[in-house]
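All chains, full assembly: derive it from the sequences and hints.
These are the residues of each chain, in order.
2 protein chains.
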Amino acid sequence: MNSNVIFSNDVPSRLLQAINDLKPGRVFILADNNTAAIARQLGIPSASLITISDGDDHKNLDSLTHIWSELQAGGATRHSLLVCVGGGMVTDIGGFAADTFKRGIPFINVPTSLLGAVDAAVGGKTGFNFHNLKNEIGAFAPAHTVIISSCFLTSLPHTEFLSGFAEMIKHALLSGEPQLSELLNANLASFDPEHMLQLIRASVTVKQQIVSQDPTETGLRKALNLGHTVGHAFESFALSRGKPVPHGYAVAWGLVTELVLSHMRFGFPTTILHQVADFISHNYGPFLITCDDYDSLLQLMTHDKKSLYGEINCTLLSQCGQPHTDVTLSPDEVSAALDIYRDLLHI
Amino acid sequence: MNSNVIFSNDVPSRLLQAINDLKPGRVFILADNNTAAIARQLGIPSASLITISDGDDHKNLDSLTHIWSELQAGGATRHSLLVCVGGGMVTDIGGFAADTFKRGIPFINVPTSLLGAVDAAVGGKTGFNFHNLKNEIGAFAPAHTVIISSCFLTSLPHTEFLSGFAEMIKHALLSGEPQLSELLNANLASFDPEHMLQLIRASVTVKQQIVSQDPTETGLRKALNLGHTVGHAFESFALSRGKPVPHGYAVAWGLVTELVLSHMRFGFPTTILHQVADFISHNYGPFLITCDDYDSLLQLMTHDKKSLYGEINCTLLSQCGQPHTDVTLSPDEVSAALDIYRDLLHI
Numbered sequence: 001m002n003s004n005v006i007f008s009n010d011v012p013s014r015l016l017q018a019i020n021d022l023k024p025g026r027v028f029i030l031a032d033n034n035t036a037a038i039a040r041q042l043g044i045p046s047a048s049l050i051t052i053s054d055g056d057d058h059k060n061l062d063s064l065t066h067i068w069s070e071l072q073a074g075g076a077t078r079h080s081l082l083v084c085v086g087g088g089m090v091t092d093i094g095g096f097a098a099d100t101f102k103r104g105i106p107f108i109n110v111p112t113s114l115l116g117a118v119d120a121a122v123g124g125k126t127g128f129n130f131h132n133l134k135n136e137i138g139a140f141a142p143a144h145t146v147i148i149s150s151c152f153l154t155s156l157p158h159t160e161f162l163s164g165f166a167e168m169i170k171h172a173l174l175s176g177e178p179q180l181s182e183l184l185n186a187n188l189a190s191f192d193p194e195h196m197l198q199l200i201r202a203s204v205t206v207k208q209q210i211v212s213q214d215p216t217e218t219g220l221r222k223a224l225n226l227g228h229t230v231g232h233a234f235e236s237f238a239l240s241r242g243k244p245v246p247h248g249y250a251v252a253w254g255l256v257t258e259l260v261l262s263h264m265r266f267g268f269p270t271t272i273l274h275q276v277a278d279f280i281s282h283n284y285g286p287f288l289i290t291c292d293d294y295d296s297l298l299q300l301m302t303h304d305k306k307s308l309y310g311e312i313n314c315t316l317l318s319q320c321g322q323p324h325t326d327v328t329l330s331p332d333e334v335s336a337a338l339d340i341y342r343d344l345l346h347i
Numbered sequence: 001m002n003s004n005v006i007f008s009n010d011v012p013s014r015l016l017q018a019i020n021d022l023k024p025g026r027v028f029i030l031a032d033n034n035t036a037a038i039a040r041q042l043g044i045p046s047a048s049l050i051t052i053s054d055g056d057d058h059k060n061l062d063s064l065t066h067i068w069s070e071l072q073a074g075g076a077t078r079h080s081l082l083v084c085v086g087g088g089m090v091t092d093i094g095g096f097a098a099d100t101f102k103r104g105i106p107f108i109n110v111p112t113s114l115l116g117a118v119d120a121a122v123g124g125k126t127g128f129n130f131h132n133l134k135n136e137i138g139a140f141a142p143a144h145t146v147i148i149s150s151c152f153l154t155s156l157p158h159t160e161f162l163s164g165f166a167e168m169i170k171h172a173l174l175s176g177e178p179q180l181s182e183l184l185n186a187n188l189a190s191f192d193p194e195h196m197l198q199l200i201r202a203s204v205t206v207k208q209q210i211v212s213q214d215p216t217e218t219g220l221r222k223a224l225n226l227g228h229t230v231g232h233a234f235e236s237f238a239l240s241r242g243k244p245v246p247h248g249y250a251v252a253w254g255l256v257t258e259l260v261l262s263h264m265r266f267g268f269p270t271t272i273l274h275q276v277a278d279f280i281s282h283n284y285g286p287f288l289i290t291c292d293d294y295d296s297l298l299q300l301m302t303h304d305k306k307s308l309y310g311e312i313n314c315t316l317l318s319q320c321g322q323p324h325t326d327v328t329l330s331p332d333e334v335s336a337a338l339d340i341y342r343d344l345l346h347i
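Residue numbers (the working numbering), protein chains in the order written: chain A, 1 to 347; chain B, 1 to 347.
Don't take each hint at face value.
Unchecked claim - Beyond 10 Å from chain B on every Cβ pair, some chain A residues (computed):
no., residue
1, 202
2, 285
3, 335
Stated by the list, open to error - Label-pair distances were calculated between CB atoms; the ranges are:
no., chain 1, residue 1, chain 2, residue 2, range
4, A, 132, B, 218, 32 to 40 Å
5, B, 212, A, 215, 52 to 60 Å
6, A, 159, B, 131, 34 to 42 Å
7, B, 55, A, 8, 48 to 56 Å
What the hints assert, rightly or not - Here are some chain A residues the structure puts well away from chain B; computed CB gaps all over 10 Å:
no., residue
8, 6
9, 12
10, 46
11, 53
12, 54
13, 69
14, 99
15, 139
16, 265
17, 295
18, 298
19, 324
20, 347
Just so you know, these hints were derived from the structure itself, not from any lab.
No residue lacks a Cβ here, since even glycine has one placed at the ideal position from N, Cα and C.
And the structure:
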């Protein structure tokens, strides 16, 4: 389940080397509207470009069918290679398309967003949204190689940068206070690419260490779902209202709510809870909900992939770096935590 | 990649035991029009039945989407279970649906056809047809348990029985002459269920031994493709003409052609080639092609999943039980073999 993960800001040469190592037949590149230009600039010889529409609402069956059709029409065989150039949307759906085309062709991920770099591109989870539920259909399929850089981030919209940064906060919470402090004190307005690559490397390493111990999420890997039970519910809720929010923003708000729950259940320190909540309130603003929305949100949480037997299932922390997976929550507890989330976010 | 394979004609009790062992949350049953009645008679408590249209032309994206939707609407979680009751079409598409729903829920196969029992239900290959190409999209995903019986075969149309029998001939060719002789001398018009279960067990064992050594088909497993490079081309060709043929019939005719190629390349004994060809001619009749069809057939063979770099790739035999995988064939060789196939089938 392990990928070869390369951290480098010299993407074209490292990518070419990875492709040459694989000795593929035909090479296909998947990109979306926004990343097609980057894909072309990578200069992969004799590659066919497949383009899909950008945005999470296009991470759907239509886009998947388009990729399969293009691979088929382009004469892809089991020895062909798909290079996914883009954010998590492209690497998630591209990885799934590759893993299921002729029962599996290899793929390489070149994440171009911070979220893609620190989360989606590494760890083998692929998939797409189905009937408004996030990543409802998917597979565990590691990329052959992932090339992680910070060189595409300077042109990234600030919203997308923040979206990825939320996952880095999550990894830091799972790692320890020093890593968390470094992030909460970082200057998000301007950063040095090499320093950012170091922060990304530290963040990805947290994920890799967890995934390598539990690739198919039967135990420890569930720790990586911190912030995501509530976060996914926020995200699906926003989508169903026709006002989608960036994944990482939903995770940021989910983290605040789940740290509240962590305090309620396991005495997670309020100092750190407030530091994180203030940081997120300041940088991400609030996700506006009222108590009339709680029923819908609770309903969405019971549909989460991690949910068993229709219960609400969560990962919580007793301290930074001390996760408790498979915590079952009552609707009353979650409602109480949502009340406090609204206070912390000044809603 | 191994399933728990049970050979028994007491299906309801063995199935119930297998379900109880898994301790699933909700249980869903997948069947097609023809097997829904059998599925109901199995008496699985509190199971939700999902029905799809029967026939290989419904092993498509629409049926798959229907299964995913029904699982979702029925509140399936990662701890739900899908029981696939039917022929290879049902177990292939059901296994793929289960393996990709929420990145994978367990499934049990209860094959009701001979083809399903000896081929599709065991070995972890799942998938569906896409743009007229067979099993173009799929995954390697073993059933948790497979319950193989002969009790559903007595009501099977003779065509379907023969379709499965062709795969048994293939397994026997990969095993040795004694197993082949027993099959070629069997009375196909009437059989004892327990004796048939023994023949099926011997046949499935050949497949299991091969699959266990190479689950994802990187080497030895390709031996199981004997008959299938030409067979799949026949099948796709028939489908594209709007005159589908049963899978096993296509394999039977493919076996004859590939045994001809085996003789041409590796000196496979003509005595056995003629015995097999006579048996197939007598029981299956001919698949009618003319030399005008060769180009289309060759084109289809280069699109086969086993094909690398657009070449025609085949498994051939030098003797019964002595396969040679990854044999690359020229169009001229295949055309010559198709000429001899037509002679042997008296076309």
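Evaluated hints:
no., hint, in the structure
1, 202, "holds, 27 Å"
2, 285, "holds, 31 Å"
3, 335, "holds, 21 Å"
4, 132(A) x 218(B): 32 to 40 Å, "holds, 39 Å"
5, 212(B) x 215(A): 52 to 60 Å, "violated, 22 Å"
6, 159(A) x 131(B): 34 to 42 Å, "holds, 38 Å"
7, 55(B) x 8(A): 48 to 56 Å, "holds, 52 Å"
8, 6, "holds, 25 Å"
9, 12, "holds, 25 Å"
10, 46, "holds, 13 Å"
11, 53, "holds, 19 Å"
12, 54, "holds, 23 Å"
13, 69, "violated, 7 Å"
14, 99, "violated, 7 Å"
15, 139, "violated, 6 Å"
16, 265, "holds, 22 Å"
17, 295, "holds, 16 Å"
18, 298, "holds, 14 Å"
19, 324, "holds, 19 Å"
20, 347, "holds, 31 Å"
Going through the hint list in order, the structure does not satisfy hints 5, 13, 14, 15.
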